[in-house]
Amino acid sequence: MESSTISLMSELRKTPLNALHRRLGAKMVNFSGWDMPVEYPSSGGLIAEHKAVRGSVGVFDVSHMGDIRIGSGKKPGGALAAVQYITMNDASRLAIGQAQYSAMLYPDGAFVDDVIVHRLGEDDFLLVINAGTREKDIHWVRANTKGFDCVVEDLSDAHTQLAIQGPRAAEVLQKLTDADLSAIKNYWFTHGTVCGLRNTLIARTGYTGEDGFEIYVPSDAAASEKAWNQAMEAGREFGIIPCGLGARNTLRLESKMALYGHEISEKINVWEAGLDRYCKMEKGDFLGRAALEQAKAAGLTRTLVGLEMIDRGIARDGYCCCNKAGESIGVVTSGSPSPTLGKNIALAYVPPASAAVGTILYVEIRGQKCRAQVVATPFYKRQKKAAAPQGAGGN
Amino acid sequence: MAYPKSYRYTKEHEWIEVKGDLATIGITDHAQHELGDVVFVELPKPGAKIEAGKSFGTVESVKAVSEIYAPASGEVIETNGELQNKPETINNDPHGAAWLIKVRLTNAAAIRDLMDAPAYEAYIAEKGKETSA
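Those protein sequences? They're chains A and B, same order as listed.
Anchor point for the first sequence: position 338 equals 338 in this note's numbering, and the numbering is continuous, going up by one each time.
Anchor point for the second sequence: position 48 equals 443 in this note's numbering, and the numbering is continuous, going up by one each time.
Here chain A stands alone, though its shape is the one from the complex (with noise of 0.2 angstroms):
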């Protein structure tokens, strides 16, 4: 899961909550420059924590996503004609309060980030994006919305961000809020007093394929432990754990929640990626459309599947897929145990060719050709609940 930037230790990024996590006994590692927790022993580590968010809730300190706020200039409408041009999705569509899953993207049709577009305003608009990419991001959109009548500012340093992810995690955070959760559909958002602090900004978002919340609080160090503390506080009653960046990425992978190095890159286009749905060709020009309009023309060479190991053996990031003459056709991006399903699963981009579910492919790891099918994804997808329907996700 560590993506593309790698510092050296003396210069490891810490959020507000660093000093918490290493008095709670987290295993901390480098993600993208950052020293993040990966597990909690105490919490009884990874595969406790996956499963705490699947079965009830769990709380992340996910501080390290940047957060990029593009707002209105001298007249109305600069800001929503700039995130149209920089982003896939169709922001237009946006009710102010509501938020989508798109991504940023070069000329070429490939990735510069994914993000989540916050609506804050008629024309106010609020983008989180990767840590491992937040100053590449905050220099592309300030490069490419320049001839916009907008104002960017960088408010990554500002927040600190939770995630309380988990089926209870509605009844947790609504013992902290005056906000009425129930009245948030998924991909929304809202602003209340959360633990005292007043005009937080609440979205029912997450990257754990569960329902649950984030929250952007103060970055300082007390706002942030007293946020943190009150949720423990609160989630006990339902065994709620702290759990790190590696419960994270299972969650996500189950989920196929594309993961930015691996699924989603400079190198990779949306088609290929399968995210078709995110991106709103018919919406007007915006940067990456007239490669994407060339791709779609020219067909796909390589499409991102699903994958179930038969043999036994765990698929990794960067092994390579095989046919059964031994040639290779394709590479994993990522692959893991998957501690819902106890099955080893992974996500790979072979040829369309090689793409149908059931397809036999097979995976070398150190060197044996381990057999493995291509299955239906997501591999995972939470139970709705029949009394309180929910939107479709992102839009």
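Treat the hints as calculated values from the structure; they're not laboratory data.
Just so you know, nobody snuck in bad clues.
Only some residues are given here: those of chain A computed to face chain B with a beta carbon under 7 angstroms:
#1 L46
#2 I47
#3 G246
#4 I314
#5 S336
#6 P337
Stretches of chain B that chain A covers, calculated by requiring three or more beta carbons in the stretch to come under 8 angstroms of a beta carbon on chain A:
#7 420 to 432
#8 454 to 465
Just so it is clear, the structure is predicted and the values come from calculations on it, not from any experiment.
Note that the Cβ used here is the ideal one computed from N, Cα and C, for glycine as well.
With chain A's structure known, arrange chain B on it following the hints.
Using the frame of chain A, we list chain B on its own:
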């Protein structure tokens, strides 16, 4: 977890217990802790030769693949088949039930070059300081 006084230890976090020219090899408590939940183990078959300092198998946690290095040279005479179905034994009892292989050593005297328990404990304490600095 205590490090048995009768074992010797490598810098790569394997342990070896020697009786005559027969040795039992495993990974240390420190190693299993660093790995996290162990989900997969790959070991050589009986009859295979292992060579001191060279990889003879792998242990995988959810997140990572880790090579296991031979503390000494010899021929594998038995592998711990239980670990295939219960790899988590490595987390629960790394110095006991989760032994990996038994080996007939080529030169039992060579293990004197490895660390004893106090030296290994000092070694991992020093490493801990480095990573938390």
